[in-house]
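What follows is the residue order along each chain.
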Amino acid sequence: MKILICMKTVRFLHAQTGSDPKQLNIAPGDYVEMINPSDAAAIEAALRIKEQNPATEISIVSLGGASAETGLRRALAMGADRVNHILYDDCAALDSWASAAILAAWAQHKDFQLILCGREAIDSNAGLVGPYLAAQLAIPHVSQIINIAAPDSAGKITVERRLDRGDRETVECSAPVLLTVEDGINLPRIPGLAAMLQAGKRRLNTLGLADLTSAGASLGPAANRSEIIRLSRPKAKRRAVAQFNPVLSAAERAKLMMKGGGAPAPRPAKSDALLEGHSEEVLLELERLLQASGVGLKSRYS
Amino acid sequence: MAGANDVWLLLAAAEGRLGAYADGLMREGRRLADALEGDLTAILLGPDIDRLEETLGKFGVNRLYHQRDDSLADYHPEIYTALLGGLVQRHQPRLFLSLAASLGSDLMPRLAAAIGAPLVMNCSNIETAAEIEFTKRVQSGRLQATFTASGGGTNLATLDPEYLPDPEDAKRDTVTQRHEVTVELATIPTRLEITSRQKADPKTVDIREAEIVVALGNGVGAKENIAAYEQFAELIGAALGGSRPVIDSGVLPHKRQIGQTGRSISARLAILCGISGSEYFTKGIDQVATKIAINSDRDAAIFKHADLGIVADVNTLIANLTAHLKNGAKRGGGA
Ligand SMILES: Cc1cc2nc3c(=O)[nH]c(=O)nc-3n(C[C@H](O)[C@H](O)[C@H](O)COP(=O)(O)OP(=O)(O)OC[C@H]3O[C@@H](n4cnc5c(N)ncnc54)[C@H](O)[C@@H]3O)c2cc1C
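If you read the protein sequences in the order shown, they are chains P and V. Just so we're aligned, residue -11 is where the first sequence starts under my numbering, counting upward by one. Just so we're aligned, residue 164 is where the second sequence starts under my numbering, counting upward by one.
Extracted from the complex, chain P is given alone in its bound form:
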């Protein structure tokens, strides 16, 4: 069986040590480059299938600039059989659809039975390249994978998915299929020094967009469907808690809430949001917060 893993070397912002707020406090050294964690989980999952089915061939493809090479060599050292580098320096200018189009142009007609992608890249957090690639290759896709049973002789693949609230689902499908796997489902192996040194000497299969032919539109940013117009500091999450006004008693607050909130006031420091005792008002406030957090005790629409 031929397995393909689409791997991204992410440029992950792990700290903000810069002093200039206009630059969002980003200093050049705040970025680390690494294999995207859920992609590493996908590689590990493929290696485990190969351990059970030695006839498996594992290929990796990575779309990225020169820095993608480090990740590809690491994948080789982990045990991948073939690695392919689609060299493109301006990946930041590509959206998920355009990236998937390039990967699809490369992967089509190569007869991969199983294509694995990570659930999302930890730098762009889009989670779209996998599903878009499946659509462009016109093969089925199953998401949120936590377990893959090695395909049986008839090519049937059984996978387990993670749903909300810890629920699970089992899905069967036939190859070829694309699976997007969750982060943290396994511990990706750490290659030994000897394997790393050996991988360092291997020749990578490097190609450019000009080497690819696509059936549809031109490859590159022209295929984009969205663009980033600005980056900013993240906004605080909505607060489910009532606007605490320390001047009001719990009873007054509770009444205000029953009437629909009252005027939004800036939220004070967390420790100010203190109620005392176990009166009816406190219980009502708790009930309201439970409901706001989606606790499904009873319908609030009836």
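Do not take every clue at face value.
[Claimed, not checked] Here are the simulated DMTMM-like cross-link-like pairs (lysine to aspartate or glutamate), alpha carbons at most 25 Å apart as the crow flies: (1) V:LYS467 - V:GLU325; (2) V:LYS418 - P:ASP171; (3) V:LYS489 - P:GLU275; (4) V:LYS366 - V:ASP237; (5) V:LYS362 - P:ASP155; (6) V:LYS418 - P:GLU157; (7) V:LYS366 - V:GLU178; (8) V:LYS362 - P:GLU157.
If you are wondering where the hints come from, they were derived from the structure by calculation, not from laboratory data.
Starting from the known structure of chain P, arrange chain V with the ligand on it as the hints suggest.
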């Protein structure tokens, strides 16, 4: 009639009522429809819900498309994509929104590919300026990015429930018009077969994945007190976790320990009972959306981490709260 400035949303239902965050989704949809000067349309697939139009009318929903088919109660990616893709292509709304929960995160990329529409996942905000601007967190939350979509037509987005507006009384009196959809489901080709679904049991679910957690600390006291917390947790569908001393006392298994040497939880709601708020513990609750702390010591460090703090004897409070919620459930109505 449907118009090119309309906002559509996909509602989810479970056990005969609308799913969690449906009101926040409708409120957000109404806000955007007002800004775009369009109508708001909701779609529901699966069994009907009691007095649905009445509820939707209060949130300002103008139209409901409903396919009343029991088999749609369970999400099937290919069937949902075909059904919704057909509807969206026929009516061409400006925006099509869903929650960024498991269903929406799986469905929306399929729909986007099927109808050739742009999609932004996990939005924290959508604003209508000259163009529609979609904002979401990137770099795993360190930054946020604002997107615009190329071309006109329908834009798709999933909404992060943590950023939806607070629930409050819905006061509109829109008359919601119902349209029954009757797509022949058997004709939709499927390549995926869902062979089984396993519902998580809060008692056995991995605490890292639990939606609601009741965390017990030393302040809960003697082992005999635990039964009341088990009952409370069962009532609200929560998983029980604990601080280290509680785990060490053997009341809960080690895999239920929260904290630096235990597990990190990412629940939607955690109720922290009799926990002092040591840093070793709070490391494990960073990712929790809403935290309620109950402690008899007004100066307890845990209150600094809490969205709501209650100074009270925790055993009494939980007993009273359990009784209060049970009564409320019996009353069967809103508070
Ligand atoms: C290396 C290391 C690693 C550690 N890792 C962890 C870890 O992973 N997880 C963890 O939890 N701890 C960990 N600890 C231990 C940690 O430092 C604290 O000791 C522990 O978290 C305290 O647990 P607690 O809050 O339940 O208990 P306490 O600190 O004893 O607090 C009990 C609280 O309950 C309140 N209380 C008492 N009676 C009542 C009542 N009737 N009603 C309401 N409130 C009441 C008290 O006011 C007090 O605030 C670690 C410690 C070390 C040194």
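> Going straight from one Cα to the other, do V:LYS362 and P:GLU157 come out at no more than 25 Å?
Replying inline: With a Cα-Cα distance of about 9 Å, the restraint between V:LYS362 and P:GLU157 holds, given a limit of 25 Å.
> For the pair supplied as a hint, V:LYS366 and V:ASP237, is the alpha-carbon distance within the 25 Å limit?
Replying inline: Answer holds: V:LYS366 to V:ASP237 is near 24 Å, not above 25 Å.
> Does the alpha-carbon distance linking V:LYS366 and V:GLU178 stay inside the 25 Å limit?
Replying inline: Holds: V:LYS366 and V:GLU178 sit about 21 Å apart, inside 25 Å.
>> Given the hinted pair V:LYS418 and P:ASP171, is their Cα-Cα distance within 25 Å?
In response: With a Cα-Cα distance of about 20 Å, the restraint between V:LYS418 and P:ASP171 holds, given a limit of 25 Å.
>> For a C-alpha distance cap of 25 Å, please report whether V:LYS362 and P:ASP155 respect it.
In response: It holds: about 5 Å lies between the C-alpha atoms, which stays within 25 Å.
> Are the Cα positions of V:LYS489 and P:GLU275 separated by 25 Å at most?
Replying inline: holds (11 Å)
> Given the hinted pair V:LYS467 and V:GLU325, is their alpha-carbon gap at most 25 Å?
Replying inline: holds (20 Å)
> Is it true that the CA of V:LYS418 sits at most 25 Å from the CA of P:GLU157?
Replying inline: Judged against 25 Å, a Cα distance of about 23 Å means the pair holds.
Consistency note: the structure conflicts with none of the earlier hints.
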